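Turn these sequences into a full structure, and let the hints guide you.
The chain contents come next:
Protein chains: 2
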Amino acid sequence: MSNPTAAMLVIGDEILSGRTRDANMYYLAGELTAAGIDLREVRVVSDDSEAIIAAVQALSAAYNHVFTSGGIGPTHDDITADSIAAAFGRSIDVREDARSLLEAHYKKSALELNAARLRMARIPEGAGLIENPVSVAPGFVVENVYVMAGVPSVFKAMVESILPQLTGGAPLISETLRINRGEGDIAGPLGEIAASYPQLSMGSYPFQQRDGKYGANVVIRGGDSALVAEAMAKLQAAFAE
Amino acid sequence: MSNPTAAMLVIGDEILSGRTRDANMYYLAGELTAAGIDLREVRVVSDDSEAIIAAVQALSAAYNHVFTSGGIGPTHDDITADSIAAAFGRSIDVREDARSLLEAHYKKSALELNAARLRMARIPEGAGLIENPVSVAPGFVVENVYVMAGVPSVFKAMVESILPQLTGGAPLISETLRINRGEGDIAGPLGEIAASYPQLSMGSYPFQQRDGKYGANVVIRGGDSALVAEAMAKLQAAFAE
Numbered sequence: 001m002s003n004p005t006a007a008m009l010v011i012g013d014e015i016l017s018g019r020t021r022d023a024n025m026y027y028l029a030g031e032l033t034a035a036g037i038d039l040r041e042v043r044v045v046s047d048d049s050e051a052i053i054a055a056v057q058a059l060s061a062a063y064n065h066v067f068t069s070g071g072i073g074p075t076h077d078d079i080t081a082d083s084i085a086a087a088f089g090r091s092i093d094v095r096e097d098a099r100s101l102l103e104a105h106y107k108k109s110a111l112e113l114n115a116a117r118l119r120m121a122r123i124p125e126g127a128g129l130i131e132n133p134v135s136v137a138p139g140f141v142v143e144n145v146y147v148m149a150g151v152p153s154v155f156k157a158m159v160e161s162i163l164p165q166l167t168g169g170a171p172l173i174s175e176t177l178r179i180n181r182g183e184g185d186i187a188g189p190l191g192e193i194a195a196s197y198p199q200l201s202m203g204s205y206p207f208q209q210r211d212g213k214y215g216a217n218v219v220i221r222g223g224d225s226a227l228v229a230e231a232m233a234k235l236q237a238a239f240a241e
Numbered sequence: 001m002s003n004p005t006a007a008m009l010v011i012g013d014e015i016l017s018g019r020t021r022d023a024n025m026y027y028l029a030g031e032l033t034a035a036g037i038d039l040r041e042v043r044v045v046s047d048d049s050e051a052i053i054a055a056v057q058a059l060s061a062a063y064n065h066v067f068t069s070g071g072i073g074p075t076h077d078d079i080t081a082d083s084i085a086a087a088f089g090r091s092i093d094v095r096e097d098a099r100s101l102l103e104a105h106y107k108k109s110a111l112e113l114n115a116a117r118l119r120m121a122r123i124p125e126g127a128g129l130i131e132n133p134v135s136v137a138p139g140f141v142v143e144n145v146y147v148m149a150g151v152p153s154v155f156k157a158m159v160e161s162i163l164p165q166l167t168g169g170a171p172l173i174s175e176t177l178r179i180n181r182g183e184g185d186i187a188g189p190l191g192e193i194a195a196s197y198p199q200l201s202m203g204s205y206p207f208q209q210r211d212g213k214y215g216a217n218v219v220i221r222g223g224d225s226a227l228v229a230e231a232m233a234k235l236q237a238a239f240a241e
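Keeping their order, the protein sequence lines are chains A and B. Here the first sequence is numbered in UniProt numbering, starting from 1 and rising by one per residue. Here the second sequence is numbered in UniProt numbering, starting from 1 and rising by one per residue.
Bear in mind the hints are in silico, worked out from the structure with no lab data behind them. Treat the hints with caution; some may be incorrect.
Because identical chains share one entry, a pair is satisfied inside a single copy or across any pair of copies.
[Claimed, not checked] Here are the simulated lysine-lysine pairs, BS3-like style, with alpha carbons at most 27 Å apart:
1. 156 - 213
2. 234 - 156
3. 213 - 107
4. 108 - 156
5. 108 - 234
6. 108 - 213
7. 107 - 234
A quick note: this is a predicted structure, and the numbers were derived from the prediction, not measured.
And the structure:
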C-alpha cells in the first residue's frame with residue numbers, strides 16, 4: 001500500500017500504571033484509518049525524558065507522521081515540549097505568539113497567567129502551533145511530529161485541527177464477515193483466499209461466544225472496493241452455513 | 001526504584017486500525033502494578049514479522065520481563081511464534097507436549113485437530129509452555145519473553161498462570177488527591193513537594209468537569225507507605241479548600 005504511514009507516541013505514567021484506560025490511541029487509530037493514513041506502530045512511554053527522546057527519534061525517522069499525546073500541561077511532570085526540543089536539537093523558550101494566546105485567554109477568566117501556566121507557552125524553535133479550541137494552550141508541530149495534549153477532549157480537538165492538512169491516501173475499505181466457527185476450521189480456506197489476493201490484507205479476530213463456543217470476525221481491507229467485494233464474496237461462499 | 005521492570009508488546013492490526021479498543025494493556029498494567037513490577041513501555045505493532053522481531057529484541061534487551069499478546073492462533077495472520085523464534089535465533093516446529101495437549105482437548109470435542117489447529121503446537125526450541133485453562137492451546141516463554149494470546153479472556157487466564165512465578169518487588173503504594181483547581185494553580189506547590197520527595201513519583205492528571213472547569217488528580221506513588229502518607233498530608237495541607 002502506498003498510503004502515508006504514521007506512528008503514535010503516548011506519553012503517560014497513568015496508562016502504564018493501569019490507572020487510566022487508553023482512549024486517545026483508540027480514537028486516533030479510527031480517525032487515521034478513515035483518512036487513509038496507515039497507523040503502523042504505537043509506543044507508550046513514561047514521563048521520562050530519555051525514553052521520550054529515544055522514541056520520538058526512532059518513530060520520526062521510520063514513519064511519515066508521528067502523533068504524540070500527553071505531557072504538555074503546566075506541572076513539573078509535563079516534560080514533553082523540552083524532550084521534543086532535545087530530540088531535534090532545537091532550543092526552547094516561551095514564545096510570544098503562544099504567550100499572547102494564553103494572555104488573552106486568562107484575561108477573560110479570573111485565572112492568573114502565573115509561571116506554571118506560562119510553561120505551556122514554551123515551544124521549540126521553529127515549530128508551528130496547533131490550535132486548541134478547548135483550553136487554548138497550543139500543541140505544536142516540529143518536522144513530522146505533532147505534539148498534542150493528553151486530556152481526551154483536547155487531544156480530539158487538536159487532531160481535528162490538523163487532520164485536514166495531512167495528505168491522506170485513499171481511505172481503506174474494510175468489510176467484516178462474522179463466522180460462527182472456531183478459527184481452526186476457518187484457517188485453511190481463509191489462508192487460500194488470502195494467498196490469492198496479495199493486494200488485500202485479511203485478518204482473523206477470534207471471539208468467544210456466550211455459550212463458550214468460538215467464532216471469528218474476518219476482516220478484509222484494501223484500497224480497491226471492487227476487489228474487496230470480490231474477495232468477500234469468495235469468503236462468504238467458503239463459509240456458507 | 002529497584003522493582004523489576006517490564007514491557008508489553010501488543011501484536012495486532014485490529015488495534016492499529018481502530019477496530020478494537022485495547023483491553024489487554026489496561027488489564028496487564030493494573031496486574032503488574034499490583035505485583036510490584038514496573039511497566040515501563042508498551043509497543044503496538046502490526047502482524048508483520050520484521051516489526052515483531054525488532055520490537056521483541058529491543059524490549060527483551062532493555063527490560064527484565066516482556067509480555068506479548070496476540071498472533072498465536074491457527075490462521076495465516078498468526079505469525080507471532082515464528083517471529084519470536086526468529087528473534088532469538090531458535091528453530092521452531094510442532095512440539096510433542098503441545099501436540100498432546102491439543103490432541104486430548106480435541107478428542108473430547110467434536111472438532112478435528114487439523115493442520116491449521118496443529119500450528120498452535122508450533123513452539124520455539126527450548127521454550128517453556130504457559131498453561132491456557134480457557135482454550136488449551138498454550139502460550140510459551142522464551143528467555144524473558146512471555147508469549148500469550150490476544151483474546152482477552154485467554155490473555156487474562158495466561159497472565160494469571162504466570163504472575164505467581166515472577167519475582168515481584170514490593171507492591172507500589174498509590175494515593176490520589178482530587179483537586180478541583182486548574183493544573184496552573186496546582187503546579188507551583190506540587191512541584192515544590194515533588195522536589196522534596198525524590199524517592200516518590202508524583203503525577204498530575206488533569207480532567208475537565210461537567211461545568212467545563214478543570215481539576216486534576218494528583219497521584220503519589222512509592223514503595224514506602226509511611227513516606228507516601230507523609231507526602232500526601234503535605235499535599236492536602238497545600239490544597240486545603
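Review point. Taking each numbered hint in turn, which are not upheld by the structure, reported in ascending numerical order?
Key: Hints 2, 5, 7 contradicted; others consistent.
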